[in-house]
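Engineer: Numbering-wise (the working numbering), the sequence shown opens with residue 93 and increments by one.
Rather than coming from a laboratory, the hints here were simulated on the basis of the structure.
Certain hints may be false.
Claimed, not checked - Below, a list of computed lysine to aspartate or glutamate pairs in the EDC-like style, where the Cα atoms sit at most 20 Å apart:
(1) K302 - D137
(2) K122 - E311
(3) K374 - D154
(4) K122 - E315
(5) K343 - E292
(6) K384 - E370
(7) K379 - E360
(8) K122 - E152
(9) K343 - D281
(10) K251 - D333
(11) K302 - E270
(12) K379 - D249
(13) K343 - D137
(14) K143 - D154
(15) K143 - E335
(16) K302 - E321
(17) K302 - D281
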Amino acid sequence: MENLFRTATAYVIPEPPTADVPRAIVHRTKGRKHGFITRLFSPGDVGEMVKPFVFLDYFESDGAGGRGFPAHPHSGIATHTTLIRGTFDYGDSTGKAGSLVAGNVEWMQAGGGVWHWGSPRPGEPLRGYQLWIALPASLEQAPAESHYIKSDQVESDGKARLLLGTYGSLHSPIPYQEPVTYLHVSLADGERWTFTPNPEHDVAWLAVNKGTLRTSGSELQAELAVFEEGGGAIVVQARGDTEFVIGSARKHPHPLVCGYYSVHTSNEALVQGEQGIEQVAKLPAVKDAIRKTAR
């Protein structure tokens with residue numbers, strides 16, 4: 093099986109800031125395509141630059157052949173899935189099961205070990221993002237918890253939908269208290285938008301999935317850009333109707349110690365997380381899901 097932490101990368105020389113573009117791009121990538129999934133970054137590459145954000149997939153299927161995700165484990169991270177289009181049926185080892193529809197959000201805080209699985213509704217086009225966030229040491233071995241957020245619970249200011257954290261007067265219902273902002277933004281042709289991160293945040297990135305976005309003297313189309321660390325606003329302008337996600341956070345202070353589906357703060361914590369995964373795998377419901385969803 094191909095290692096999940098490989099992706100294509102491309103480095104660029106930062107442009108000097110100007111009055112109109114105060115924050116430079118230091119890295120760009122179109123990622124690497126795996127069927128209907130484009131892996132934009134992972135812990136072994138860009139994740140080191142923008143941690144606690146350590147992994148990002150964009151997925152898009154016309155509904156003709158998109159396969160689901162068999163039962164698989166995580167520890168030490170939270171996975172955040174944003175469904176932009178389609179229907180996705182899910183289940184997890186906390187005992188929750190149901191369906192995500194367009195506009196819904198899934199937050200799976202793996203902590204000391206969790207298993208989950210899911211599949212797109214046959215025949216329906218599917219589109220969205222899955223993001224991994226490295227948990228702080230205080231949460232990386234905590235009991236797993238999952239939250240499924242309906243679209244009418246996702247706050248918006250008309251342009252930006254808040255997927256996680258806080259932004260201005262917007263607050264996510266996901267009970268995660270670390271300093272982070274994650275937004276899904278839609279702009280009309282020619283529209284300008286300024287993102288001013290919380291002063292406590294020092295990493296920021298964005299990923300365009302529709303249209304073209306001009307920022308820092310560059311045009312981005314179906315790609316991800318990482319901005320220089322530190323403060324400073326990010327100013328963008330749309331060419332055509334444009335859609336993207338953008339994230340900022342306080343930088344994760346720990347090394348990224350990786351298993352195949354896990355990220356921890358130390359080797360000792362990784363061993364403990366993998367032991368937790370093995371224990372959860374013994375639950376009858378998880379054993380049944382592993383059997384039923386195996387490829």
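Engineer: Determine for every hint whether it applies to the structure shown.
Structural biologist: Results of checking the hints against the structure:
1. K302 - D137: violated (24 Å)
2. K122 - E311: Answer holds: K122 to E311 is near 13 Å, not above 20 Å.
3. K374 - D154: violated (36 Å)
4. K122 - E315: holds (4 Å)
5. K343 - E292: holds (9 Å)
6. K384 - E370: Since the Cα atoms of K384 and E370 sit roughly 18 Å apart, the hinted pair holds (cutoff 20 Å).
7. K379 - E360: violated (26 Å)
8. K122 - E152: With Cα atoms ~15 Å apart, K122 and E152 stay inside 20 Å; holds.
9. K343 - D281: Cα-Cα ~33 Å, so violated.
10. K251 - D333: With a Cα-Cα distance of about 12 Å, the restraint between K251 and D333 holds, given a limit of 20 Å.
11. K302 - E270: Violated - the C-alpha atoms of E270 and K302 are around 29 Å apart, more than 20 Å.
12. K379 - D249: violated (43 Å)
13. K343 - D137: holds (15 Å)
14. K143 - D154: Status violated; Cα separation ~32 Å.
15. K143 - E335: This hinted pair is violated, its Cα atoms lying about 23 Å apart.
16. K302 - E321: The hint is violated at about 26 Å.
17. K302 - D281: holds (12 Å)
Of the numbered hints stated above, those contradicted by the structure are hints 1, 3, 7, 9, 11, 12, 14, 15 and 16, listed in ascending order.
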